[in-house]
Structures are given as C-alpha cells and as structure tokens.
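Each chain, written out:
Number of protein chains: 2
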Amino acid sequence: MRNRFDRELVRLNNELIEMGSMIEKSIETAVKAMVNQDVELANRVIESDDEIDQQERQIEDLCLKLLLQQQPVAKDLRLISSALKMVTDMERIGDHATDISEITIALADKSYIKKLEHIQQMAKETMIMLVKSIEAFVNKDIEEADSVIKRDDVVDDLFSKVKTELVQMIHENVDVGEQATDLLMVAKYLERIGDHATNISEWVIFSITGTHPGEKGK
Amino acid sequence: MRNRFDRELVRLNNELIEMGSMIEKSIETAVKAMVNQDVELANRVIESDDEIDQQERQIEDLCLKLLLQQQPVAKDLRLISSALKMVTDMERIGDHATDISEITIALADKSYIKKLEHIQQMAKETMIMLVKSIEAFVNKDIEEADSVIKRDDVVDDLFSKVKTELVQMIHENVDVGEQATDLLMVAKYLERIGDHATNISEWVIFSITGTHPGEKGK
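Going down the list, the sequences are from chains A and B.
Taking my numbering, the leading residue of the first sequence gets 536, the next gets one more, and so forth.
Taking my numbering, the leading residue of the second sequence gets 536, the next gets one more, and so forth.
A couple of the hints might just be wrong.
Which copy is meant is left open, so a pair is good if it fits within one copy or across any two.
Only pairs whose alpha carbons sit at most 27 Å apart, straight line, appear in this in silico BS3-like list of lysine-lysine [what the hints assert, rightly or not]:
(1) K650 with K560
(2) K723 with K620
(3) K659 with K723
(4) K675 with K600
Think of the hints as simulated: they come from the structure by calculation, not from any bench.
Produce the complete structure using the sequences and hints provided.
Structural data, given as structure tokens:
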C-alpha cells in the first residue's frame with residue numbers, strides 16, 4: 536500500500552512539473568506575442584489556458600484521491616494540501632497570461648508609446664521565480680524557496696519603475712492615457728504573477744516545515 | 536433515489552444563495568471601508584475571504600458528490616457543472632473585495648484626491664448584477680440572466696469614466712500619480728467583478744439552454 540502511495544506521490548510531482556512548464560510557456564508566449572504584436576500567438580495563449588485549467592483539475596483530483604484512499608501521515612498530508620493550494624496559484628498565473636494576451640489583441644494595430652523592455656524583464660524574472668519554486672517543491676529545498684520569496688522585490692521594483700514612467704508619460708501627454716493604462720495593467724499582471732510564485736514558494740516551505748511564512752496577494 | 540437527488544439539488548441552490556450573499560456583503564463592506572477609510576472594517580473583509588473560500592470548497596464537494604454518486608440526466612449534469620463554474624467566478628469576486636481592502640489600508644492615512652462617487656456607483660451596479668445572476672439561476676430565468684449581461688455595459692462605462700478622470704488628474708499634476716493608479720486599480724477590480732457576474736449569468740443560461748453565450752474576462 537505504502538509503495539503505491541509513494542508512486543502516486545511521484546506522479547503528483549510530475550504533474551506539478553508539467554503544469555509549471557505549461558505556465559512558464561504561457562508567460563513567455565504572452566510577452567513574445569505582445570512585443571511582436573502577434574495576434575495569432577496571443578490567441579494561442581488564450582486557447583491554451585483551457586489545458587492549464589484541465590491540468591489543475593487533474594492534479595486536484597489526484598490530491599483528493601490520495602487524501603481519501605490512503606491515510607497519509609502528517610508529512611504527506613502537508614505535502615498534498617500544499618500541492619492543492621499551489622495549483623490555485625499556478626492556475627491564476629495562466630489567467631494573467633491570458634489577461635496580457637487580451638491587451639495585446641486590443642493594441643495590435645497601434646504603435647506602442649514606449650519600449651517594452653521593463654515588461655520583458657518582469658516576465659523573465661517571474662519565469663525564473665516560477666521555475667525555482669517548482670524545483671524547490673520537487674527537491675524539498677527550503678533555501679531555494681526562500682530565494683524566490685526574496686526575488687519578488689526585483690519584480691516589485693520593476694513594477695514601480697514602469698508605473699512611474701507611465702505616470703510621467705500621461706503627465707506630459709494626456710493622449711497616451713488610454714494605452715498607458717493598458718500597459719500599466721500588463722505590468723500589474725506580471726507583478727501579480729510574481730506574487731503567485733511567492734505564494735507557491737511559501738507553500739513549499741509549509742510542506743517541508745509545517746509553518747507557513749504568510750501569504751501574499753491573491 | 537431521485538427524491539434524495541432532488542433534495543441535494545435544493546441544498547446546492549441554498550449553498551449558492553448563501554455564497555452569493557457572502558460575496559455581496561464583501562463588496563458592500565469593502566467599498567464602505569474604503570469610503571470611510573476604516574482600516575478595521577477593511578481587515579474584516581480580508582478575514583472573511585477565508586469563509587468564502589470554504590464555502591466554495593463545500594459547494595464543489597457537493598457538486599462532485601452529486602456527479603459521482605448519482606447518474607444525473609443531461610439537464611442535471613448541465614446544472615451541476617454550471618454550479619461548479621459559477622463558484623469559481625464567485626470566489627474571485629471575493630478576492631477582488633480583498634484586493635480593494637488592501638488598497639484601502641494602504642491609503643488609510645492619506646486624503647483622497649477625488650470623490651469616490653463613481654466607484655460607489657460601480658459597486659452598487661455590480662452588487663445588483665450579482666444578486667440578479669443568482670436569482671436567475673435559482674428561478675431558471677433566462678431573461679433575468681440576459682439583463683445582467685446587458686447591464687455590464689453600465690459598469691464598463693463607469694470604469695471608462697473613472698479612468699479618463701484619473702488620467703486627466705495625472706496629466707494636470709504628476710504628484711497624484713501614485714494614488715491615482717491605486718484608485719484606477721480599485722475601479723479595475725470592480726469592472727472585473729462585473730465581468731464575473733456576467734460569467735455567472737452566462738453559466739445560468741448554459742444550465743438552462745445547453746448553449747454558452749461565450750465567457751468574458753477571467
């Protein structure tokens with residue numbers, strides 16, 4: 536029985552890794568589509584969100600099955616309940632990639648009022664955070680999870696920079712207001728993605744130590 | 536057997552009504568706390584979000600139980616799967632009430648740069664949409680669900696107004712930029728709440744007709 540339980544836990548790990556890489560790709564593709572004003576690619580991000588939602592449901596089912604059919608010890612219980620919470624954050628990251636793609640489509644026939652370098656940098660940072668938080672889960676690595684939580688400051692600082700820059704642009708020319716608020720939303724979604732990666736790392740720490748360092752954002 | 540199934544469906548209705556009124560209260564309280572700069576009340580909104588999450592999980596469990604233990608006919612299957620989707624939108628509405636409360640807390644010791652009348656109006660509109668969408672579900676009322684979907688334009692127009700106003704204020708005085716972007720986020724959260732109420736009504740229509748009019752927002 537125990538052996539089968541362990542095999543199912545390995546499967547849980549693999550499904551989480553799979554979902555992590557689906558989401559990483561979503562962020563990457565969403566920002567690529569935005570930079571290149573590629574509507575077709577943006578639509579692909581939106582379509583692939585269904586697969587992410589299915590993957591979430593599949594992992595939830597597996598977790599519930601593990602909770603119901605076996606009698607997990609405290610450590611496994613923490614692991615499974617952490618996985619249940621982690622997929623919620625992962626799924627919302629996918630939603631935000633969709634949010635970004637919808638703005639890409641709305642702006643597709645307009646010239647951007649600014650370079651998107653900070654937005655690209657934010658995306659890069661959040662992808663690193665996401666990958667590291669999943670790695671930390673799989674390797675039960677508290678230090679790596681901690682490094683993700685600290686890294687969120689980089690994303691927050693980038694968001695502040697983008698915000699200040701856009702506010703300044705609106706101040707100088709009210710006509711850019713419409714697009715500036717759209718770009719502000721994109722930066723906000725990326726900041727939220729960073730918050731979700733932070734949440735994931737906090738659940739990783741909980742799954743190992745039994746203590747939750749406090750959730751951030753939604 | 537069928538009798539017990541029907542009783543469980545009545546319970547599902549009641550749980551959904553309960554969750555709807557929890558969320559309605561969250562929106563109302565979040566905006567009241569914001570207008571009165573009442574940090575304690577804002578904190579209460581954030582705390583009560585856990586109860587909303589629990590209610591969501593409870594409804595999901597009930598839906599899964601109904602799906603697994605019984606062999607529902609197509610009409611009931613649609614009803615149950617619609618309920619499963621609806622609670623996701625309802626839970627996110629609760630999250631946005633929390634988002635608003637976090638901004639309330641951040642701005643608690645500052646004077647507002649503008650009157651919050653449009654934001655209050657947005658909150659009022661979204662609460663009406665939410666209540667009507669739940670009513671439409673319970674009464675299987677396609678017309679009422681349709682009226683909610685149409686009503687979303689009112690919320691979108693109010694969001695546009697708030698956005699234009701805030702952009703203009705930033706244009707005139709860059710120093711208000713920080714708070715203006717916070718207020719813009721609050722308006723955005725309310726606009727999203729309207730989108731979620733619209734989604735709920737679309738699921739209501741699906742549960743009755745079997746055809747989904749197309750999801751909006753996330």
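Results of checking the hints against the structure:
1. K650 with K560: For K650 and K560, only the intra-copy Cα distance (22 Å) is at most 27 Å; the inter-copy one is 42 Å.
2. K723 with K620: Close inside one copy (22 Å) and across copies (26 Å); limit 27 Å.
3. K659 with K723: both (15 Å within a copy, 25 Å between copies)
4. K675 with K600: within (22 Å within a copy, 34 Å between copies)
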